[in-house]
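Visitor: Working from the sequences, and respecting the hints, build out all of it.
As you go down the protein sequences, you meet chains G and R in turn.
So in our numbering, spot 35 of the first sequence is number 35, and the numbers just go up one at a time.
Convert by adding 330 to the 1-based position in the second sequence; the result is the number in our numbering.
It should be emphasised that the hints constitute simulated quantities derived from the structure, not laboratory data.
Note that this is a predicted model, so its numbers are computed, not measured.
Wrong hints could be hidden among the right ones.
Said to hold, decoys possible - Pairwise CB distance ranges, derived in the manner of DEER restraints:
#1 R:587 - G:84: 46 to 52 Å
#2 R:532 - G:83: 51 to 57 Å
#3 R:479 - G:35: 21 to 27 Å
#4 R:522 - G:312: 49 to 55 Å
#5 G:304 - R:605: 44 to 50 Å
Every residue gets a Cβ at the ideal spot worked out from N, C-alpha and C, and that includes glycine.
Protein chains: 2
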Amino acid sequence: MKIYLDFWLPKEALAFLRAGLRGHELLFSGKPSGTVLGSGTLDAGFAEADIALGQPDPQGVALSERLRWIHVSSSGITRYDTPAFRALVQEKGILVTNSAHVYNEACADHVFSFMLAQSRRLPEGLATPAFASGDAWLRHRDGCVPLRGQSVLIVGYGAIGERLVDLLAPYGMSIAGYRRRVRGDEPVRMVDDTGLMDALGEADHVVNILPDSPSTRGFFNGTRLGLMKAGAVFYNIGRGRTVDQDALLARFSLDPGFYAWLDVTDPEPLPEGHPLRSESRCRITPHVAGGHRGESMTLIRHFLRNLRRFERGELLEDCVMPLQNGRIAG
Amino acid sequence: MKIYLDFWLPKEALAFLRAGLRGHELLFSGKPSGTVLGSGTLDAGFAEADIALGQPDPQGVALSERLRWIHVSSSGITRYDTPAFRALVQEKGILVTNSAHVYNEACADHVFSFMLAQSRRLPEGLATPAFASGDAWLRHRDGCVPLRGQSVLIVGYGAIGERLVDLLAPYGMSIAGYRRRVRGDEPVRMVDDTGLMDALGEADHVVNILPDSPSTRGFFNGTRLGLMKAGAVFYNIGRGRTVDQDALLARFSLDPGFYAWLDVTDPEPLPEGHPLRSESRCRITPHVAGGHRGESMTLIRHFLRNLRRFERGELLEDCVMPLQNGRIAG
Numbered sequence: 001m002k003i004y005l006d007f008w009l010p011k012e013a014l015a016f017l018r019a020g021l022r023g024h025e026l027l028f029s030g031k032p033s034g035t036v037l038g039s040g041t042l043d044a045g046f047a048e049a050d051i052a053l054g055q056p057d058p059q060g061v062a063l064s065e066r067l068r069w070i071h072v073s074s075s076g077i078t079r080y081d082t083p084a085f086r087a088l089v090q091e092k093g094i095l096v097t098n099s100a101h102v103y104n105e106a107c108a109d110h111v112f113s114f115m116l117a118q119s120r121r122l123p124e125g126l127a128t129p130a131f132a133s134g135d136a137w138l139r140h141r142d143g144c145v146p147l148r149g150q151s152v153l154i155v156g157y158g159a160i161g162e163r164l165v166d167l168l169a170p171y172g173m174s175i176a177g178y179r180r181r182v183r184g185d186e187p188v189r190m191v192d193d194t195g196l197m198d199a200l201g202e203a204d205h206v207v208n209i210l211p212d213s214p215s216t217r218g219f220f221n222g223t224r225l226g227l228m229k230a231g232a233v234f235y236n237i238g239r240g241r242t243v244d245q246d247a248l249l250a251r252f253s254l255d256p257g258f259y260a261w262l263d264v265t266d267p268e269p270l271p272e273g274h275p276l277r278s279e280s281r282c283r284i285t286p287h288v289a290g291g292h293r294g295e296s297m298t299l300i301r302h303f304l305r306n307l308r309r310f311e312r313g314e315l316l317e318d319c320v321m322p323l324q325n326g327r328i329a330g
Numbered sequence: 331m332k333i334y335l336d337f338w339l340p341k342e343a344l345a346f347l348r349a350g351l352r353g354h355e356l357l358f359s360g361k362p363s364g365t366v367l368g369s370g371t372l373d374a375g376f377a378e379a380d381i382a383l384g385q386p387d388p389q390g391v392a393l394s395e396r397l398r399w400i401h402v403s404s405s406g407i408t409r410y411d412t413p414a415f416r417a418l419v420q421e422k423g424i425l426v427t428n429s430a431h432v433y434n435e436a437c438a439d440h441v442f443s444f445m446l447a448q449s450r451r452l453p454e455g456l457a458t459p460a461f462a463s464g465d466a467w468l469r470h471r472d473g474c475v476p477l478r479g480q481s482v483l484i485v486g487y488g489a490i491g492e493r494l495v496d497l498l499a500p501y502g503m504s505i506a507g508y509r510r511r512v513r514g515d516e517p518v519r520m521v522d523d524t525g526l527m528d529a530l531g532e533a534d535h536v537v538n539i540l541p542d543s544p545s546t547r548g549f550f551n552g553t554r555l556g557l558m559k560a561g562a563v564f565y566n567i568g569r570g571r572t573v574d575q576d577a578l579l580a581r582f583s584l585d586p587g588f589y590a591w592l593d594v595t596d597p598e599p600l601p602e603g604h605p606l607r608s609e610s611r612c613r614i615t616p617h618v619a620g621g622h623r624g625e626s627m628t629l630i631r632h633f634l635r636n637l638r639r640f641e642r643g644e645l646l647e648d649c650v651m652p653l654q655n656g657r658i659a660g
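Guide: Shown next as structure tokens:
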């Protein structure tokens, strides 16, 4: 089969991919994207591909007569998450998988590092290495609120949320989750849309892992942010557009104990002078939650694992658009 | 019995202590210390005390004819950890307990927050919210090294180390511990002085939780710091004097991948202009690892739990100087 690759891979990862091909052929985009998040561009060679690895252009997918499987190189699938695209791949019998398992652990680690840094007041502590006694010191210590016994709500509960629950286990926290379609096998209490209102009001920590889609855009609006209790902490490692940033700013003004930790914003990066960048209780990292040493290798390892499954006609990992007729490999 | 208190307690914690006295009497120092770490001063009233809560003056202890139990209000017992004092309390039949269980969890959280912040490169990420693509961004992501599969050596393994091991469980790390007296029931591989040399060379993360005592002073000298492998990370939440800071500075010069996270230094705070404060790979917090919201309440709860045991002649928690004749309560 022919595998079309549309993003740049470091030498080592490319060699690893080649070694795992077992007779399949690699096709390269004429204009490879510099990162796994970049959009692939329409390219003549694409028409030859049986498998697309990267972020193929939806129009190319529509035109292709050979394509049987798209392996998206990110966790987010915004570009493909439309009723029209879903119908298209159903009709053409194209499977769609994403790279959720490549980034899960690093994402969970990132938001967990946010939670612990908040609990231990790391930004304040690191900025003030000088005091070691006196009232300011006592107040600082008293401001370190242990996670033990606190509550957390995970919005957009999925593979990242699942890992986060494992990491939080030693803290005996009260954990609730929210997701579009509850599967029933989640190891925590899941809430529906009604339950979400109460859960937002109860949680000390609200973790947003929502993907960007028409149904999640602006999900954290003034109403939902307003339901959160005073002194709550909000985290976003999902996508920036799921939060109404004006409402978020308003929340800072209304609640002096409110904190937010954002790895994603809208747009990215936030322009200089954006008020969120000067809000002292808003901590921002530049969309690095899923990043980790050896990321490209993890990505290729994950793809090759799925390639073996695809060859054998087995269920693929991280399948985000399964075929409704039950056919797995075309 | 008469309980002598030599440090200042917030109203709520004092009320909680009074409510738990059950007929015992409180004596107050004429010059209460402002923090639980401050040294108590010699005071006439002390001679009346059966129990000392705080940091009593060793000379007062020597003079006392009534004292049966000292409950030290910190984890560190440097002031008392001498052969002469140990002999004195043995001879007089005075039990000594510390407050290890008050600070364990917060201390473990603090060093764990250091480890995750290092793994996720939080200081660099928070300082650079602007980039969200390009080479610097890719390099940043690649610099995030997951804890999974890495190794950690805990030097001064005790109750804090034990908790840290629980927190690290989801990462499948290789963990080794070192302590003065190995008990044999530690859940991790323990090394002796010879094994320590190898363990220092193998660990990606070296966590120092050593207390300050004549035998630990300057423990991390040039030789031991030099044994650590290139690119290792060093953490200190024990005591500042256990590290030779000149040797630490030299290590930064020799190894461009070396990082250190210090909650304790010598002296505290480090004077302005001290070279460790301007070393960009050295992160310092101002001795706050054990601090947490409700700290005084946790301390009194712990003391009262021990008071009940003392009344019943049971073994005390966190007993650091048990009586060798086996007698528990005088």
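Visitor: Determine for every hint whether it applies to the structure shown.
Guide: How the hints compare with the structure:
1. A hinted range of 46 to 52 Å for the beta carbons of residue 587 of chain R and residue 84 of chain G is consistent with their spacing of about 49 Å.
2. For residue 532 of chain R and residue 83 of chain G, the hinted distance range of 51 to 57 Å is satisfied, since their beta carbons lie about 54 Å from each other.
3. Taken as a hint, the range 21 to 27 Å holds for the pair residue 479 of chain R and residue 35 of chain G, whose Cβ atoms sit roughly 25 Å apart.
4. As the Cβ distance of residue 522 of chain R to residue 312 of chain G is approximately 51 Å, the hint placing it in 49 to 55 Å holds.
5. Range check, residue 304 of chain G to residue 605 of chain R: about 48 Å between beta-carbon atoms, so the 44 to 50 Å window is met.
Checked against the numbered hints above, the structure violates none of them.
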